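With chain B fixed as given, assemble chain U onto it according to the hints.
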Amino acid sequence: MEFFFQIVINGLSLGFLYALAALGFVMIFKSSSVLNFAHGGLMAIGAFLFLVLSAWAKLPIWVAFLLTLIGSFSLGFIIERFFLRPLIGEALIEVIMLTLGLFIMIKGLLLFIFGGDIHSYPDFLPEALTFHWEAVEIPGVYVASFMVGVIFLGLFGFFFKYSSQGIYMRSVADNQPAAMALGVHVRRVFALSWAIAALVAAMSGIVLGIINGINVHEISGIGLKVFPVVILGGLDSIGGAILGGIIIGLLENFTAGYISPGLREVIPYIALIIILLIKPYGLFGLVEIERV
Amino acid sequence: MRRLRFHPCGNFNETYREELTIFETDFGRLSLLVGLILLFVVVPFISNAYILYIVNTIGIFAIAAIGLNLLIGYTGQISLGHGAFFGVGAYSAAILSTKAGFPFLIAVPLAGLITALVGMIFGTPSIRLKHLYLCIATLASQFILEYIFVQWEGLTGGAAGISIPAASIFGIDLGSDRNFFFVIFFCFSLMTWIAVNLIRTRYGRAFIAIRDNDQAAEGMGIPIFIYKLLAFAISSFYAGFAGALFAYYMMSITPEPFGIWLSIEYIAMIIIGGLGSIPGSVFGTVFIVVLSEVLSNVTQYLMNISPSIGGAITIAPLREFVYGLAIVLFIIFEPKGLAEVWRIGRSSFRLWPFSY
Chain B
32 MEFFFQIVIN GLSLGFLYAL AALGFVMIFK SSSVLNFAHG GLMAIGAFLF LVLSAWAKLP
92 IWVAFLLTLI GSFSLGFIIE RFFLRPLIGE ALIEVIMLTL GLFIMIKGLL LFIFGGDIHS
152 YPDFLPEALT FHWEAVEIPG VYVASFMVGV IFLGLFGFFF KYSSQGIYMR SVADNQPAAM
212 ALGVHVRRVF ALSWAIAALV AAMSGIVLGI INGINVHEIS GIGLKVFPVV ILGGLDSIGG
272 AILGGIIIGL LENFTAGYIS PGLREVIPYI ALIIILLIKP YGLFGLVEIE RV
Chain U
6 MRRLRFHPCG NFNETYREEL TIFETDFGRL SLLVGLILLF VVVPFISNAY ILYIVNTIGI
66 FAIAAIGLNL LIGYTGQISL GHGAFFGVGA YSAAILSTKA GFPFLIAVPL AGLITALVGM
126 IFGTPSIRLK HLYLCIATLA SQFILEYIFV QWEGLTGGAA GISIPAASIF GIDLGSDRNF
186 FFVIFFCFSL MTWIAVNLIR TRYGRAFIAI RDNDQAAEGM GIPIFIYKLL AFAISSFYAG
246 FAGALFAYYM MSITPEPFGI WLSIEYIAMI IIGGLGSIPG SVFGTVFIVV LSEVLSNVTQ
306 YLMNISPSIG GAITIAPLRE FVYGLAIVLF IIFEPKGLAE VWRIGRSSFR LWPFSY
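Order-wise, the sequence lines are chains B and U. Going from the first sequence to our numbering is simple: count from 1 and add 31. Going from the second sequence to our numbering is simple: count from 1 and add 5.
Because the hints were derived from the structure by calculation, they are not lab data. All values derive from a computational prediction rather than experimental measurement. Beta carbons: idealized from backbone N, C-alpha and C, even for Gly. Take the hints with a grain of salt, since some may be wrong.
[To be verified] To spell it out: a stretch of chain B is covered by chain U in this simulated footprint if at least three of its residues, at any positions, have a beta carbon under 8 Å from a beta carbon of chain U; those stretches are: (1) 123-136; (2) 187-197; (3) 249-263; (4) 299-311.
For reference, chain B alone in the conformation it holds in the complex (with noise of 0.2 Å):
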């Protein structure tokens, strides 16, 4: 039984840290219809600008932190104008083409400035945040994580709600050139999005780092398994990105503790096929119905 539970949230953690980089990914999703293979590149970026500020630049976390945050902000920003802007209305294979050369070149960057090796942040976390439950014992760096991301989902959904970008950025998702009849500048919903997407990757970034030490391989991988994750939860639904990760983080630690540990890697790929084949659109995902 014990097993069973440390399983249970093992996979509940690791299905958090799913939906953390499903987040980003499906928000650019939702708003400009690009299938982001960099996503795992961002992620890294992040992890990697926050690494230099606390660890080598020794700045206080909280600064640290935020000053990651603004970069990655503008760097979505930047990336946008530079890379995607040119390719509007292009061809879908060109779009995902270029994002898959931006993850390559990130990585490729990003390898040759720190090399394959596993870096760690300072420990900045308390000790009281562990929390034991009888034999069950959750790590802090878990709880923190989990804090964090409450946190920022609580605000994203505040932020789609009530905000005036948040509605626009949702308007667009829905219909853009209703949208854009209706006054919504939609290039700006796409940086902004970008932005978005880019900041929430450096923080799901921060966290894998917290707890699977930094390492460019490592990080840039859980990129590729996002894709499992948002084709479960449907690839515009927030919430069915939540859920989707829960579930395939579940899926893997249970594959991995009672069927065999090298089936972990392939399963989440195997669930995706026959989700595709049963329920293509996901669990929430928008059924797209064409007329010719």
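Coordinates of chain U only, in the frame set by chain B:
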């Protein structure tokens, strides 16, 4: 003898047959002949072992790239699993020759057929899925196949891989690069010929109709699912065929080369070369293979001149960076690829020096 044909000053086609013609002028045919003679008679005898190795690699990859272009460029079904299909071909050839003892001439086409079957299995999600969703489904097939290569040790030899005896045709040993060159480029010419002509048949036209608008295509009476599966099968056949040649050429295979990176490389080849263009796939392959060789030589050179700075670790990833940069720049500045550059270059020289 009929008169030689030259370029007209515009598009004056009167029949559909003229529209479909491959060689607009007799010079096109002539230059193809000269090119083939140069390729088969001159190249293998003037190049040294290293150049020959690169040329052979280009030939093998070009076959698979043409297959991918048939799928993405002509049928519009994005596949991110081409590298794994290439691997399926390589493994099938290796297993057929070592475990079942098939000769080279049978093992290679058979490997292609097996891969076509695997491609059709992983192409079935295309019944309901399009665009992004299909792209992700093929990404999943890449990971699943990769997992099978590593884990099914009884068949694939796991991480250690399989080593294959040198191939031979009619008693001629193909162990040397030069002998294998002729095999590769014979297959390459044959496969290119098939692909170019396939596009002109009803199948090719159906593929293009599906790419342009699949619902309209269905409305015109094309059974789109069968044609999509056929496109997957043909494309995987090309990949498997090339993979089988690769296995025989390398003489030992491990799961490593067939990762997601290879799939990305294939897509890069056809994007840089030009989507929906058979010569473009070849240009793209040449570009990517040469670029990656040049980059690895440069890194090697830099490592040799500065071993003291610890260049070994820090310079190598720059290769990836340049690679990504090339893809991004091509997509932004020349989305139609090298085929378009070639076309523009050729047409500006067409009437040189008296253009208009």
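Q) Broken hints, numbered, in rising order? A) The structure breaks only hint 2.
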